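Undergrad: Chains A and B, in that order, are what the protein sequence lines are. Letter by letter, the first sequence follows residues 1 to 454 of our numbering. Letter by letter, the second sequence follows residues 1 to 231 of our numbering.
Hints should not be assumed to be uniformly reliable.
Which stretches of chain A does chain B cover? Using the computed rule of at least three CB atoms under 8 angstroms from a CB of chain B, they are [stated by the list, open to error]:
| no. | stretch |
| --- | --- |
| 1 | 49-56 |
| 2 | 68-76 |
For each label pair, taking beta carbons as the anchor points, the in silico distance ranges come out as [what the hints assert, rightly or not]:
| no. | chain 1 | residue 1 | chain 2 | residue 2 | range |
| --- | --- | --- | --- | --- | --- |
| 3 | B | D124 | A | R96 | 46 to 52 angstroms |
| 4 | B | A126 | A | E38 | 34 to 40 angstroms |
| 5 | A | A189 | B | D124 | 44 to 50 angstroms |
| 6 | A | K319 | B | A164 | 41 to 47 angstroms |
| 7 | B | D24 | A | K165 | 24 to 30 angstroms |
These are computed hints drawn from the structure, not numbers from a lab. Please read all numbers here as calculations on a predicted model, not as lab measurements. Even glycine gets a Cβ: it sits at the ideal position worked out from N, Cα and C.
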Amino acid sequence: MFSKVLIANRGEIALRILRACRTLGIGAVVAYSEADREGLAAQLADEAICIGPADAKRSYLSAPAIISAAVVTGCDAIHPGYGFLSEDEGFAEVVRAHGLTFIGPSAEVLERFASKEATRRILSAHGLATIPGSGMLRDEAHALEEAARVGYPVLIKPSAGGGGKGMRLVRTPRELETTFKVSRSEAMAGFGDDSLYLEKFLEDNRHVEIQVAVDRFGNAIHMGERDCSVQRRHQKLIEETPSPALSDVARGELAEKALRAVTAAGYENLGTLEFLVDAKGEAYFIEINCRIQVEHPITELCTGIDMVALQIKIAAGEKLGLTQADVVSRGHAIEFRILAEDPAKDFRPQAGQVVEYLAPGGPGIRMDSHLYPGYEVPSYYDSLLGKLSVWAPDRPLAIARADAALRELLVDGIVTNIELHRAILANQVFVDGKVTTSLLDRVGSAPFVAAGNR
Amino acid sequence: MPAPQGAAKPGPTDPERTLRIQRDHDAIARLADELLPALIAKLASGGLGEIEVRQGGWKARLRKPATAPDPNKAATAEAAARARAVGHGRPDERDRRARDPKEAEQGKVVAMSPAVGIYNPRRDLAVGMRVRAGDKIGTVDVLGVQQDVVSPVDGIIGSSLAEAGEAVEYGQELVRIEPPEQAPMSEVPPNEAPAGEAPAGEAPAGEAPAGEAPAGVAPAGPDAVAVAGKA
Chain A
1 MFSKVLIANR GEIALRILRA CRTLGIGAVV AYSEADREGL AAQLADEAIC
51 IGPADAKRSY LSAPAIISAA VVTGCDAIHP GYGFLSEDEG FAEVVRAHGL
101 TFIGPSAEVL ERFASKEATR RILSAHGLAT IPGSGMLRDE AHALEEAARV
151 GYPVLIKPSA GGGGKGMRLV RTPRELETTF KVSRSEAMAG FGDDSLYLEK
201 FLEDNRHVEI QVAVDRFGNA IHMGERDCSV QRRHQKLIEE TPSPALSDVA
251 RGELAEKALR AVTAAGYENL GTLEFLVDAK GEAYFIEINC RIQVEHPITE
301 LCTGIDMVAL QIKIAAGEKL GLTQADVVSR GHAIEFRILA EDPAKDFRPQ
351 AGQVVEYLAP GGPGIRMDSH LYPGYEVPSY YDSLLGKLSV WAPDRPLAIA
401 RADAALRELL VDGIVTNIEL HRAILANQVF VDGKVTTSLL DRVGSAPFVA
451 AGNR
Chain B
1 MPAPQGAAKP GPTDPERTLR IQRDHDAIAR LADELLPALI AKLASGGLGE
51 IEVRQGGWKA RLRKPATAPD PNKAATAEAA ARARAVGHGR PDERDRRARD
101 PKEAEQGKVV AMSPAVGIYN PRRDLAVGMR VRAGDKIGTV DVLGVQQDVV
151 SPVDGIIGSS LAEAGEAVEY GQELVRIEPP EQAPMSEVPP NEAPAGEAPA
201 GEAPAGEAPA GEAPAGVAPA GPDAVAVAGK A
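Isolated chain A, as found in the complex:
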């Protein structure tokens, strides 16, 4: 096991990793940018080190700054959290070159799964159905040809993108013509890589993902699925497990199939395989996330497994210590992303001081947040303020507990989306477990907010 881990991230996930390190009895150093000096992780850590200015390019995205911080503080491993450098194979490689361990898959594994297009090819060869799509698009003519082959509507996607960033929906050849160049330059600007591919757009789909863990010895488990269909512009808002869209048989089959494929493809450490499930219940593999995910707490609530600790153990070369039979998922869990976004103002990100903060409590309630009264939310990073996760023996009770917890949750001084969450909870489509990924974008959030205000 490692003696000391450098936490190269911020916000709630830095705090989550710090907690896992303490649970494991290993040291931790929180690396923070100047804008996060007052961040809770840096405040609570036994050791913290400023790695650069607020600009992420010179702090959380700076490999030299992070690795140097790990070296001078005597760390033997770096936990990248999610986002930033968490799936960057170049970073993982440099970390290893300095004699440190990257907590995540090896550079080779990250490289193999770096391109979504290549990943789909690999996993499709190992038996996962994929959405009909193209290879890398050479030019506009090629794009038009491929779109005609798979059938409109299609999604134009940057190969290097993630989290829905840079994706565009195109319904006609004419739209494709105007979109292609824009997408290409956006991809270059956003990801430094202008490779694009396209795939058939499934209307009314659900987003279901399978959580897996594979150690270096080939031991592998899955931890069931998460349904992340409540999205706004491809950004997840609410996640739950188990998925209301799948039967027990279907969920078991999908998880086993995903685990077999990813293990055969040589995956290692924690990973999430994302699928789109269409109205008929067919699951199409879309991508793999080679990191801890924002929504991991709901899996932890149902399985009782500390996934961050497990991730650290696997990276340290330990055995899983669990077989599939040991993984039992109980009850129902829902997570709500509490964001500093104003639903009434087109979800504009908010920054400013949190004057009051009170986390909810009670049976099955878990709050992962870096907020505290007086905390200044910086404007440089994403808008995630925390995650409220709720567990109950069944879904209706989970919804009831969630509503009670959202009523208790107090974040004053900054506009959040708490009320939007309550409105969604009260919506019949959500109660029926029928939300699809495009619902919020199609109807807009205004009806939800209006209904919630009544």
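Chain A is fixed; fit chain B onto it per the hints.
TA: The following block gives chain B in isolation, referenced to the frame of chain A:
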């Protein structure tokens, strides 16, 4: 066809331009001979830190040097030499240390670390050494790549806040830089001059930066920096 470059420029004998230059020279001479001595005397006698006067399209601004522990000055200097983390303790502890009023009131500027790494001062770095803004005073080794530590201001090297070979973080305070205005040491009571630091005579009057009022103009008052420019 491109127009020949420079054809439109006024020739050196442009009469209007010559006249303008002559007027400017006269104005500067008038400012230096009449206005500045009066302003320096006024600044010396009162509690004002800065004076600005406008006259005939020109303005002159005079500022007292930051020698005395003037509370306003201390606040500014504190902001400039701001509360940087030192060492690897918890940030709040470090902030407390850095906000220590005793340290802040001294009104000193510090050279800070440009990166996380191992600090090494320049070999010839010594207390009392004169530096210009941008002068290299050491390096921080970031995984074998040397990043320069530079002085943010013109001044005199003061005490070191980090040891050679010490691990430092981004923004950490490394070396105090004392303002060159402190040069006339006769103004600093002996007990305020830290032992061994910036001994008197280290900065002779001749080295005073251009623009500083000559001592003869206001012998009894504080040094004043005059800034003249067109309003």
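Undergrad: Does the structure break any of the earlier hints, and which numbers would those be?
TA: 3, 7
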